[in-house]
Amino acid sequence: MTKAQRRIAKGRGAAVRGAIGRWGATPYLFILPWLVGFVAFTLGPLLFSAAMSLFSWPVLGAPRFVGLGNYRTMLTDDPQFWKSLAITLKFAAIFVPLNLAAALGLALLISRPVRGAALFRSIFYLPSVVSSVAVAIVWSWILNSEYGILNWLLGRLGLQGPRWLQDPAWAVIAMVITSLWGVGTMMLIFYTALKSIPRDIYEDALIAGASPIQQFFSITLPLITPSFLFNLITSTIGAMQQLSLVLLLTKGGPLKSTYFYGLYVYENAFRHFKLGYAAANAWFMFIIILVLTGLIFKSSSLWVFYEHEVAGARKGGNA
Amino acid sequence: MKMGRAAKTLTYALLALFAVYFLAPFFVMASTALMTEKEAYSYPPRILPSALRFENFAAAWRSQPFGRYLMNSLIVTVTTTIGQVASCALVAYGFARYSFKGRNALFMVLLGTMMIPWDVTMIPLYMEFKLLGWINTLKPLIVPAFFGSAYYVFLLRQFLLGIPKDFEDAARIDGANEFETFARIFVPMMKAPLILVGVLNVMAVWNDYLGPLIFLNSRIKYTLPLGLAAFKGAHEMQVVPIMAITTLMIIIPVAAFAYAQRYIVEGMSGALKG
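Just so you know, the protein sequences line up as chains A and B, in that order. Quick note on our numbering: the first sequence kicks off at 10 and runs consecutively. Quick note on our numbering: the second sequence kicks off at 12 and runs consecutively.
These are computed hints drawn from the structure, not numbers from a lab. One should not assume that every hint holds.
Taking lysine-lysine and the DSS-like style, the derived pairs with C-alpha atoms no more than 27 Å apart in a straight line are [to be verified]:
1. B:243 / B:232
2. A:99 / A:265
3. B:49 / B:232
4. B:150 / A:283
5. B:232 / B:150
6. A:260 / B:243
7. B:141 / A:260
8. B:243 / A:265
9. B:150 / A:204
Chain B side only, calculated, beta carbon under 7 Å to chain A, not exhaustive [claimed, not checked]:
10. 52
11. 98
12. 101
13. 105
14. 111
15. 131
16. 132
17. 182
18. 221
19. 240
20. 243
Listed below are several chain A residues computed to face chain B (Cβ distance under 10 Å; list not exhaustive) [unchecked claim]:
21. 38
22. 42
23. 51
24. 123
25. 133
26. 146
27. 164
28. 218
29. 221
30. 271
31. 275
32. 287
33. 298
Bear in mind that the values here come from a model prediction, so they are computed numbers and not experimental data. Glycine included, C-beta positions come from ideal geometry on N, C-alpha and C.
Next comes chain A alone, as it looks inside the complex (with noise of 0.2 Å):
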């Protein structure tokens, strides 16, 4: 459990009635569903694919105990779990610090007091609401090298236009392009973040005489640090475990260039139907990615602020 999420559930007792225990089963049976469908769906299936990592298990045939081997096998045996691993994280490397950056972007340019900024939140989050189906068959149109429109442009400009999925030194930029068209989640939560600061700090601010350029740095990026907190850990677990787009638009191709980790789970699994080792392949991922985030929350507390520590700095500081 991280430490946001255990914030989060403290200090929640404002609107709860009752001592522990006066109502009996009542509460247990609310949450029922639940807890039914947490052990039949996550807590059994988790720790059933902890025991097959632990297991040479083919689909016909009896599993066979093979305790860490299928780890060994992965990390010190299997070239292409390290390929996959690479172009994983360059994919995410790549595509997090964009798509959070392109976020903010847009999120302050429709947060302006400008007329129509309704309207354009809403055609920046449309392509967010569609299916990775759609967004696959619509992207590899565009950036079809000899028919798509992308290339055409290019063309236009005078330059060049690589052929983006067909090429293995280009393939991973277009799934980041593509990915990027759904910026618009992590938009919406820039903007609700930008939008509960209140305004009287900005007018205090002005009367200082601070430039807008110091307002952003001083006020607006440590006010939203929260925010960021989500989406920089929600981006990077969302790209770490990338699988339909590349399904979709490339199946790992051209020359294995874009056979994410995602993919090598999936395929070590339903196609090559190694049970046993894709479980332990899907488990080293779920390590990374609790490391990943272990290590993004201990650098919050240098980078993060939280709304009662700057009001206190506010009170200190107005001299």
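With chain A's structure known, arrange chain B on it following the hints.
Chain B in isolation, oriented as in the chain A frame:
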């Protein structure tokens, strides 16, 4: 905050520029759907079709059992939405309005489930559903929705925490039992967040590709996204019917978004207050 004329012009210029980026792919899709194959495969690319060939949609629709896929998508979307709304309302109410032993720990577990990567549980889930004889039926896509979903429970709980305690007290004085209090007093108050959960679920399930891909294997069971992806895989060079079906498929989520956008923005700010 007042803006100067130059700042305003720059803002509009940027807004317009990005609007083109976000809308152009939709335009390309719809425009290609109305072209002849020859127009679609012309170079330089055509921006507009020479005529609005709406018959393309009917022809594309008939070329595959898309009617069947649509039916499957509708069944899954409607049933899961009922399941999620009902189960998440109950669970969120339990977490938000009662104090009980283990509540905070259980809620942390619930939040923690959102961090579990999809593929860790997918393999055992597949085996579990296989054991139950559910593979190649719509059940693996439908049944889990009746047991709540962490994110939706979280959203609803955030809302319920903000309601004063007087409501239960009044209901109890009137002699309502616990479930009646929930159903008659709280459910009507939860209309907005329940609509939000419903709409988010409609979009997620209607658009889902991986779930159907793993659990369904005969065409007759396919949902629309899976059917469309299979169609594209088999007929890579028929871009016109592919774009036609894509255009039709996105009508539902776009309409759901148009209907519910204020709930989405409000719901998100409600969730972030936590």
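(request) Against chain B, run the beta carbon of residue 218 of chain A and see if the smallest gap drops under 10 Å. (result) violated, 16 Å
(message) Next item in the hint list is residue 275 of chain A. Is there a CB on chain B closer than 10 Å to its CB?
(response) Constraint on residue 275 of chain A satisfied, holds at 7 Å.
(message) So if I understand the rule, the pair passes when the alpha-carbon distance is 27 Å or less; does residue 49 of chain B with residue 232 of chain B pass?
(response) Distance of about 33 Å is beyond 27 Å: violated.
(message) residue 182 of chain B was flagged as interface toward chain A. Is the shortest Cβ-Cβ separation under 7 Å?
(response) Since the shortest Cβ distance to chain A is 12 Å, the answer is violated.
(message) Run the distance test for residue 260 of chain A versus residue 243 of chain B: straight-line Cα separation, threshold 27 Å.
(response) Distance ~13 Å between residue 260 of chain A and residue 243 of chain B Cα, so the pair holds.
(message) Please verify whether residue 99 of chain A and residue 265 of chain A have alpha carbons no more than 27 Å apart.
(response) With Cα atoms ~14 Å apart, residue 99 of chain A and residue 265 of chain A stay inside 27 Å; holds.
(request) So, residue 287 of chain A near chain B? Judge it on the closest CB pair being under 10 Å. (result) Constraint on residue 287 of chain A satisfied, holds at 6 Å.
(message) Min Cβ distance, residue 105 of chain B to chain A: is it shorter than 7 Å?
(response) The hint holds - residue 105 of chain B has a Cβ within 7 Å of chain A, the shortest such distance being about 3 Å.
(message) Holds or violated: the hint that residue 164 of chain A contacts chain B, with Cβ atoms closer than 10 Å.
(response) Given a least distance of 8 Å, the restraint on residue 164 of chain A holds.
(message) Take the shortest C-beta to C-beta distance between residue 221 of chain B and chain A; is it under 7 Å?
(response) holds, 5 Å
(message) For residue 141 of chain B and residue 260 of chain A, compute the direct alpha-carbon distance and say whether it is at most 27 Å.
(response) Satisfied, since the Cα-Cα distance of roughly 26 Å is no more than 27 Å.
(request) Report holds or violated for the interface hint on residue 38 of chain A, using the least CB-CB distance to chain B and a cut-off of 10 Å. (result) holds, 8 Å
Hint compliance for this structure: hints 3, 9, 17 and 28 are not met, and every other hint is.
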